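In case you want the letters, here they are:
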Amino acid sequence: MSRKDAVEGIIFQALKTLNQERGPDEQIDIGADTALFGPDAVLTSLELVSVMVDIETLAADEFGQPISLTDDEAMGRDPVPFLNVSTLRAYILELLGE
Amino acid sequence: MANITLEGEFVTLRPLAVDDAALTLAWRQGGRAAYLNVGAQSVEQQANWIASRPPSEYNFIIELKDGRPVGMVSLSGVDTTHRHAEPGRFLIGDAEAVQGVPAAVEAMKLIYDLAFGTLELERVHGSIPADNTLMIKWQKFMGMTEEGRLRNHFFINGKFQDAVWFGMLAEEYRAKVQPKMEVFIKAARRQK
Chain W
3 MSRKDAVEGI
13 IFQALKTLNQ
23 ERGPDEQIDI
33 GADTALFGPD
43 AVLTSLELVS
53 VMVDIETLAA
63 DEFGQPISLT
73 DDEAMGRDPV
83 PFLNVSTLRA
93 YILELLGE
Chain R
751 MANITLEGEF
761 VTLRPLAVDD
771 AALTLAWRQG
781 GRAAYLNVGA
791 QSVEQQANWI
801 ASRPPSEYNF
811 IIELKDGRPV
821 GMVSLSGVDT
831 THRHAEPGRF
841 LIGDAEAVQG
851 VPAAVEAMKL
861 IYDLAFGTLE
871 LERVHGSIPA
881 DNTLMIKWQK
891 FMGMTEEGRL
901 RNHFFINGKF
911 QDAVWFGMLA
921 EEYRAKVQPK
931 MEVFIKAARR
941 QK
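Protein chains in written order, with this note's numbering: chain W, 3 to 100; chain R, 751 to 942.
I should point out that these hints are in silico values taken from the structure, not numbers from a laboratory. Careful: at least some of the hints might be erroneous.
[Stated by the list, open to error] So, partial list: chain R residues that the calculated Cβ filter (under 7 Å) puts toward chain W: (1) Val848; (2) Ala854; (3) Leu919; (4) Phe934; (5) Ile935; (6) Ala937; (7) Arg940.
[To be verified] Simulated restraints, written as ranges between beta carbons of each label pair: (8) W:Thr19 <-> R:Glu872: 34 to 40 Å; (9) R:Arg818 <-> W:Pro68: 21 to 27 Å; (10) R:Ala801 <-> W:Gln29: 34 to 40 Å; (11) R:Ala767 <-> W:Thr59: 18 to 24 Å; (12) W:Pro26 <-> R:Glu757: 47 to 53 Å; (13) R:Asn787 <-> W:Ala92: 41 to 47 Å; (14) R:Glu872 <-> W:Gly78: 27 to 33 Å.
Predicted, not measured: the structure shown is a model, and the values here were computed from it. C-beta atoms are modelled at their ideal positions from N, C-alpha and C, and glycine is treated no differently.
Given the sequences, and given the hints that come with them, work out the whole structure.
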């Protein structure tokens, strides 16, 4: 599996974990275009934080390298790197030095 | 109950009123409130509970700027001698309405600003059932430090659970948490 696929898999896993917290009629449709932040987002800010924290944990386990998605650098970027799954994947790969 | 309104950029915190009894009861009976204390079971009981809030408590409805009520939050146990209080009763009742809006972040920032700014408190604290992982992650992101555990403190969903005890000091809020919240809100502003 490529690192790109591995990162996407981690993001999907974090969103699946969030879906377990949601009701049957509130399930998030998970895909590369799933909007995470901004006007089109399907998450509340509370849920976004939960997903980011889970991704940080999963990425550290998978790659043996800590990444921070909830620091000022990530949130201060313009555009925000976690607008959707694709942009978040690109940002994580950047953090991993890809 | 203290009667003040807190204005943010995305949300307003206005005082909880007896007229909110039906709405807040419906929120509290929803799945997202599974970890809140068991409360009123009828609108009348909820109205009585709201009417009996003491002056030392600040209970709010979280409203979007278009006036839609989307949740609730409070600051209770305000102790002006020891200068601490407990943020809590935090619930986003209408999750769909706040998707893409930093309502939860800004509501908590307004509560912390009230605690550490207006009221000049030194510390806020609270406990969360150990199984409420979503809220534990949230509180850590919000700058809370885990200070300990109370074993088998809650009986929820048919089993005992530890209470995870969190606290935050005024200095920690000003140095780290407030700037982080402002960056988050600023990021949301750019996406408007």
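Indices of hints not satisfied (ascending): 3, 5, 9, 11 and 12
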